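**Student:** Protein sequence lines, in the order shown, are assigned to chains S, E, U and W.
Per full-length UniProt numbering, the very first residue in the first sequence carries number 1; after that it's consecutive.
Per full-length UniProt numbering, the very first residue in the second sequence carries number 1; after that it's consecutive.
Per full-length UniProt numbering, the very first residue in the third sequence carries number 1; after that it's consecutive.
Per full-length UniProt numbering, the very first residue in the fourth sequence carries number 1; after that it's consecutive.
What the hints contain is simulated information worked out from the structure, not anything from laboratory work.
Please note: incorrect hints may appear among the correct ones.
Stated by the list, open to error - For each label pair, taking beta carbons as the anchor points, the in silico distance ranges come out as:
id	chain 1	residue 1	chain 2	residue 2	range
1	W	N378	E	G145	43 to 49 Å
2	S	E219	U	L118	29 to 35 Å
3	S	E48	U	T41	38 to 44 Å
Stated by the list, open to error - No farther apart than 20 Å at their CA atoms in a straight line, the calculated lysine-lysine pairs in the PhoX-like style are these:
id	chain 1	residue 1	chain 2	residue 2
4	E	K107	S	K246
5	E	K47	W	K249
6	S	K187	S	K148
7	W	K381	E	K195
8	W	K3	S	K365
9	W	K241	W	K144
10	W	K278	E	K47
11	E	K195	S	K348
12	E	K195	W	K73
13	W	K296	S	K348
14	W	K136	S	K365
15	W	K381	W	K371
Computed from a predicted model, the values in this text were never measured in an experiment.
We put the CB at the ideal spot given by N, CA and C, even for glycine.
Letter by letter, the chains look like this.
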Amino acid sequence: MADSKTEPKTLGESLRQQGVSRRGFLKFCTATASMMALPPAMVPAIAEALEKARRPSVIWLSFQECTGCTESLTRAHAPTIENLIFDHISLDYHHTLQAAAGEGAEAAREAAMHENHGKYIVVVDGSIPLKDPGFSTIAGISNLDMLKETVAGAAAVIAVGSCAAFGGLPHASPNPTGAVSVSEIIKDKPVVNVSGCPPIPTVITGVLAHFLTFGGLPELDDLGRPKVFYGQSIHDRCYRRPFYDKGLFAETFDDEGARKGWCLYRMGCKGPMTYNACATTKWNQGTSWPVESGHGCLGCSEPNFWDGGGFYNAISIPDGDIARNVGLGAVAGVAVGAAAGMLNRNAKADAVARHETVTVDDLEKTS
Amino acid sequence: MSSPIDFLLWVKGPAFDIALAVFVIGIVVRLLEIVLLGRKQDLAEPKGEEFGPGLRTIVTRTLPEAGSFKQSPFTVIGGYIWHIGFLICLLFFVPHIELLHSVLGIKWPGLSNHIVDAVAVVTMATLVAMLIDRITHSVKRFLSGPEDYLVWLAAFLPIVTGYLAYHRVLVPYPLVLGIHILSIEFLMILFPFTKLMHTFTFPLARWYNGAMAGRRGVQS
Amino acid sequence: MQKLQDIDIRVEAPVDQLAQHGNAVPVLHEILHALRRLGETEESTTIDLRSIPFGPGDEELLLDVLGRGEVAVKLETLGASEIYETAYAGVWIVDHRNTEGERIALQIEITRVPEILLTQLADLTDSISRLENRLRTPDGVASQSNPMSGRRRDG
Amino acid sequence: MSKATLERGLNALREEIDAPVAAFFSSCVNCGLCAEACLFYTETGDPRYTPINKLEPLRRIWEQEFTLWGRIKKALGLAQPVTDELLQEWEPLVYDACSLCGRCSMVCPVGNDIAYMIRKEREGFVASGNAPEGMKGASTRAIKVGSPMGVKFHAVQAQIRHIEADTGLEVPVDVEGADYLALLSSMEIMNFPEYIEALARIFKQAGVSWTLCSEAFEATNAGIQIGSSDIAAELVERVVKGAEKLKVKYVISPECGHAYTAIRWEGPNLIGRRYPFKVVHILELLDELRAAGRLKTQGMDEARLTFHDPCQIVRKGGVLEPPRNLLKQVAANFVEMSDHREMNWCCGGGGGVSANERADELRLKVFARKKSQLDELNVDKLVTACANCRLMLEDGLEEYRVELPVVGLTEMLAEHLVEDSE
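Excised from the complex, chain S in its bound form (with noise of 0.2 Å):
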């Protein structure tokens, strides 16, 4: 953990005291703007924000979570320049990371939120249970509590993985904790949503950047998650997107057709209703994504992924058992048809039994 006491110095005079050049710099700019998914054309002006940026403090609070989120970021080995960031941020608070315990971890956490009052950045992993606080508690703080008051004093919070952002799996029906997403319960502070199961990790460090370089939070899409990376469905980037137009399509993950690389709609892809960046950015250092290793987009980004119907049924199967319920329904018809049958029988059986004999005498009408 960075030591918050001594004074803060900006990113520039970090990298300069740590040796590094200004080709070096420039280096470091160009890999985050292509992190941050902005133009090469930016770099002068990522340059110069991140000349000047000061390391923010930033608190990382794990609720209903299964530190997927944070293995994603973390991996297992050694630095990258998504780890360049977080050395020039101060993480002063991660319960998996840190090396405090106890009541040492959470006086640490308070110390960081008493002297950053006001600047520093909760990052949240894990859904928040309300049914009962006793579900999930840290060091017997309810994550409700906690989530309140960390965040009273914060300038953002960054809902990391779709736990954090949607509710995830602990939302999945029928939520028996009933969890809820940070955003449900934190209302007045800007809450960015980097959703994923988990976030793919470059997409955390982007967002972690771009409040660096910018000090400020990206522009969201509806979701709250930032437009760069969540602007472009997974289908509209997928390289596999022409076998859709052209209708060519596997059918089982042994046919030709997954064996050619063509479309996985038809075996469940959520790729067209999901909005992500895989398909550009890719995983594990862009060696591959799902699609690409020959499996559907599972649609993780996006709000209840897990209820949203099979993962292999394709995206226009309702949800239902329409054989079961055609079933259900025509039987139910039958029995009303039956009915609606007898009684229009009846109808026209009444009627012919009020028949009176029409003669030649009472063609007139009544005067």
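With chain S fixed as given, assemble chains E, U and W onto it according to the hints.
**Tutor:** Okay, now just chains E, U and W, sitting in the frame of chain S:
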């Protein structure tokens, strides 16, 4: 939370179940209402068969009578184009095949999306032309009531929204896909209560027509 | 049981057949337009390949088509970067890696010389002051140590 | 004495709803194609004459009382009721502007038999007192006098005497055990007695055992036209009784369209039982005789001529080929009209229109259709097989100042008959 995804899930979930229930129950009720009314036994000595000519009329009425075609080529051709176009979009767009496969357990080859896309454009244009014709043609305008225009809308919306969804024109996609499915649910719910029912009753009507004529020795 | 690295990884089709996703071609067209602009107005263009949705083989095809030209430069700062001119003069590949050798940016620059190769003003100022310092110290010139090694950062 | 009331009319409409009616109304999409098949529309351009529109009162009863959804709408006050005003407004559409020709039923893309429903709808109009005066009069005369034109049997006898005197042939009357009972239409008796003579000559040559019946000579049925099954049944019953009394094997429907529909198709259903005899149309019988070589003719009519298909006999009766077969035997230059057989155009006077003076003007206007059909052909003679059509054709041609002789087919055959031995 009410995000486009929630809307889509609602449309694909409870809303679809409701629409499907109304659709299935409604159609079965309507068909039973018709069939159970029955018809009197015909005591006149028949000159021909009922069954065969009835079946034949079901088929032959698919082709227009020569005079009608000459008098109203637009109604006939327009009717063909949009019905066939609608069916192509419904039955040969791969996502639809996937849906039907999940219900029927059978599937068939789909068409390239570019072809379906072109068909959808032609279908929409034809429907618009047919609406204009309905508004301007003296007989059609005279006959048409609110229901006719409602039914037109119900047939038009799924194609337009499907077109928008395919082209991902309204963002976000879950919203436009949800609207597309909703428009189909609208169509399904209207079905039993409107003349959309002709989809299911026309074989009955044609059969009765053909059978009654067939009995008199005429192929209608 | 087999070890992971024992699993035979087969490429089922040669590169030119793999690249059936067609995303390299538009980039090549973009490069052509950028080259024309460079020739006419001296305007440089940078294409960030991270934002291009490449399928398997696309990137390989693109780099294969561009080939390698006369100049190749190795940059050693915050990890090794390779910068080389392709067989098409004026088209440069800038391949940034971190200290682990993982790619952190891959860009195509259509320019005379990529900006990052030019000596930066700050580094120039730094050079002047360091050389001045060294010359001011009597035994500085004779010292074995390379001052650059002190500037390297590992970690 | 009872009177026609709206309630009786509505009740009559309810009685008429059956599965075909429900299927037809469920299927209509207001495409308007039936309009183009109806000469009342094509010759006037008045959209009110669109066939399906003529069924609005019946459609409302079906929707409001025979569909679940319609019942709900009605309960919620969302339905437009069938009122006496509505029936009054629709009466001219149903009686003056529909000849029950059934051409619309042939073109409807969803297969609606519109004529079938108009026939049913008229039941409600009669029972509610909304029938045209001319047809009320014809019905009353048919029931009370025995013929819609007020013809009594002594008029027939007078014609018989005339024929017997002219030709020396016998016209059998009330011969028990004869094979065939020939019926006549009033129009033949009054306007075209040649038909009776033709029958006598042909049957004599062919050796057909036949008779007329003094108590059941009238084939027309005003009840069918006005649309009252009760009245129609009474008229059919007369024929059936006469035929049963004389123990004939066959009843011959004459050259009259609706008479064939009445006695052949509706009759058994009207009286609720099957006949102990068969009904044949005169053209069917003649064609049978021709096929058996019993109808010997000589010479060919060289005139360029065409045949007007009477709707009820051809399209609605299934007598399609006999007139052609018979014509080929005596006509050298027979040409078909542009729309013929089951797609023929009506003369404009069927379905009781001819008995409805109020409709005369409209009927003559829509005759333009037949005239244009004839204009295309440039014929010298027009043959038909329905006395009513014949009268309407003559009337129409006169109105349009066209000189064209109209003859009955039976009569034409008789002219070419080989007289065996005088």
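**Student:** Which hints, by number, does the structure contradict?
**Tutor:** Of the numbered hints given earlier, those the structure breaks are 3, 7, 11 and 13, listed in rising order.
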